Amino acid sequence: MGLTLDASIALVAIAPFLAAFVAPLLHRLTGRWTGWVLALVPAGIFAFLLSLLAPVARGEAIRAGFDWIPSHAIRLSFFIDGLSLLFALTIAGIGTLIVLYSGAYLAGHRHQGRFFGFILAFMGAMLGLVLADSLLVLFAFWELTSIASFLLIGFDHRRQAARRAAIQSLAITNIGGMFLLAGGVLVHQVAGTWEMSVLRDMGEVLSESGIYGVVLVCMAGAAFTKSAQFPLHFWLPNAMEAPTPVSAFLHSATMVQAGVYLLARLSPTLGGTPAWTLTLTIAGGATLLWGGLGALRQTDLKQILAQTTIASLGLLVLLIGLGSPAAIAAMAIYFLAHAFYKAGLFMVAGAVDHETGTRELTALSGLGEKMPVSFIGAALAALSMIGLPLSIGYFAKEEMYLGLTGGDWPSLLALLVLVMGNAMLAGVALLLMIRPFLGPALATPKPAHEAPIAMLAGPVVLGLAGILAGLLPGWLGHDVLVPAASAVLGRPVDSHLSLGLDPASLLLWLSVLTWALGILVYRQADRLRTLLRRFETALGWTADNVFDLCMFGLIRLAGVVTRFLHHGQLEFYLIAVFAGLAVALFGPMFAFGGFDWLVPVAELGDWSQRLAPPHLQPYEWGILALAALGLVAVLIAGTRLVAILSLGIQGTAVALIFLLFGAPDLAFTQLMVEVLSVVILTLVMTRLRLDERDHRPFEDWARDGTLALVCGVGVSLLLMLVLNGTLDPRLADFFTRTSVPLAHGHNVVNVVLVDYRGFDTLGEISVVMAAGIAILALLRRPKMPAAPKPPRRRAPRRQAAKAPA
Amino acid sequence: MNTIIFRTIAPLIVAVMLVFSLYICLRGHNEPGGGFIGGLIAAAAIGVFGMASGVAAVRRALRIDPMAIAGFGVFIAGFSGLLSLFTGAPFMTSIWVFPQIGATTLALATPMVFDFGVYCVVFGTLSAVALALESDREEV
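One line per chain: the protein sequences are D and U, in this order. Here the first sequence is numbered in our numbering, starting from 1 and rising by one per residue. Here the second sequence is numbered in our numbering, starting from 1001 and rising by one per residue.
Here chain D stands alone, though its shape is the one from the complex (with noise of 0.2 Å):
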């Protein structure tokens, strides 16, 4: 091929978003084929990515990117070891017959098109999170997989429950992903480092450091979230509102699987510490038996394999807590048979929702004759998912119980823990395998029959991949337990699987005390739910509730500090902003000993000197006199129109100061902005239907007063302190001597405004034109009723006080 690693490497990522893109118009060109075309895309990134199984195999590390923002070092770099190549090949893997699938189950659909696109970009984020080498563009990627989880969640978007979840879903990832970014930037911050590759050879220097303690929290934050780890784990099952494609997708390979993949590529620069293993085991254990027991609680086929999935979270979460070579090896084995079985159960269950109209347990029998292959393929699934031999579920239960067997209590209840949490989920296959299929026929909501090709396609192929994996050890071993297991513990192990069955080992016992229970639970399901409902009712609350709560709170909370706020009394907006101009005037001068400098000590003394009237010209005098007389009049004025116009008569007298000191432009525009002001201030008292006169209660009048007079000697001694100091006059004089060479002007001001500060400029008026549609939208809100306003202030009052101004 003529791409370089580099770009085909980024290529694996970007693709399935290029095809997003497309994806709603090539289903025009299409129509019900569009999803065997669009598999094409996760096909060929498959292809590619097997090519790669062999250089990696033999330890090789394969890195790639871009620089993304070479100031601060930041690459948009990808790193190809077993562990990612495992993640990949299961993404793309799964992701084709995904997309084949949605094809066939959303035929018809309005928005097909679109659900291609997001499903395209869900893949196209999770490649490039579980390729991702920098930890920002991890981030990066984990961002984009929970914006196209929320996108395809809430995809039914007019049902109240699928934008619930679909909101819940982004809350809960989105508070890990901040947590992500945290941790990010701590470990940045330690190591020096954003590349994963890089940090995991720095061996100890992360779990030493003080900040090791705060690094974890937000890991292990970020990574239950995403997994949905016990108390957070409410959010998956609510995510089942989206369409069962999705369900596949989201629960084998991808989303889920993002937090377990943190853990795993973080555990040679975290992991082996006590802290770390304790909370990855608790968290994990819980949710192992949590998961278990919340799938035998549910009749819901969905849900059911949605409580499962908590379940097997848990269960690879506890397995990377444990950190032995075997329980990394188990992890790396498990979590490929969890895809193969938990897609094709999904798949299934789409089948038969899709085929019977109904996905309730209890409604559900015999349909083994009317959909032989949608049985085959449950079948399949479920065989690896009791871990029977000739599976691949098989040998990771095996490794799974291999490093436990050593005997003190830590170990033993792991492995209690592990026993029983799969005796459960075996008991859920059992379930899930006969009840729907086997037994007398029942009548359906839609007439049973057999799904179309594209539908049965991934049962069947996961199922018999499954199968077949089990049947090869020495490959599963040699091409996806090493590499994988090697990359996490950061040296090579060695695969010692095989077909074989000792009847002297342990393993095998333990296996078949697993299955005993299974069948225990299976046979006791109907009491055990009976039970775990009678449970649930008397707790009462469950985490989803808390949620609802927090959300409220939220809101309310959100309600409470706006009504506080934005109370709508427009006289107090003008008394806070006024307040705080007098603060932002007065704080600093304290601060930093503006008075000092404005009246130094020393010369306090020469009080008569300071106090002399300043020279100035007769006229001059006049225009102050001016200035003076109209600001005596606003307080004096007895109407308010009077008060409106001595203003501006004050206002014109500033404009001719500026004008004799030689500002014209300011001048002018101090002019017409008087004029304007008057004109306008009249119209706003006619419009707002004010009185005439200004009936303001004594208190009022005296706070407004004190806040101008503040706020004026405010500005004075600001302006004051401001003429005190030294001018710098080098950018006066910049603009002075090249006005007329560089912009060809004479008007320095001018040119100031619309040449070199141009920018400010362009802003300025952007503002004003945005002050003016909301000025619009005030004046032309809908009016009241006639009915009158009850008045604000009581009346008494009112008449006893009667201000003077």
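Honestly, the hints are just simulated from the structure, not real lab data. Since the structure is predicted, the reported quantities are computational estimates derived from the model, not experimental observations. Note that beta-carbon positions come from the ideal geometry of N, C-alpha and C, so glycine has one too. The reader is advised that the hints may include incorrect statements.
As the list claims (entries may be wrong) - Partial selection, computed: residues in chain D whose CB lies under 10 Å from chain U:
no.: 1; residue: 50
no.: 2; residue: 52
no.: 3; residue: 55
no.: 4; residue: 59
no.: 5; residue: 62
no.: 6; residue: 669
no.: 7; residue: 673
no.: 8; residue: 743
no.: 9; residue: 753
no.: 10; residue: 754
no.: 11; residue: 761
no.: 12; residue: 764
no.: 13; residue: 765
no.: 14; residue: 766
Got chain D; can you put chain U on it based on the hints?
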């Protein structure tokens, strides 16, 4: 206030003010003036016109909604800055051309377009506000 004298003389004043405002806007580069002041004068003219002839008449005479004029102003101000893209210079680097028409040399430049944008924004926004206030409960 709405006397016959005011109503008769108002259109005259308005016309003079509008022309004057453009003059002020254009001469701004070399003498006191500029788009901001010009826009203020023009807006004042619109205010006077509105008082004399009523808001409906002003809107008819303007033809274009004043807020649209303001929006146009922001647009051409930003656009004049974008023109420098074609010379490969940074945003808002001014471009000057001096075409000869007969004996006079015209100085045309992007800052002039920019200043005209400022004029439009100030004029449009303030006129819109003034008209909305003047229209007093009949029309809005």
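What are the numbers of the hints that this structure violates, sorted from low to high?
Result: hints 1, 2, 3, 4, 5 break, sorted rising.
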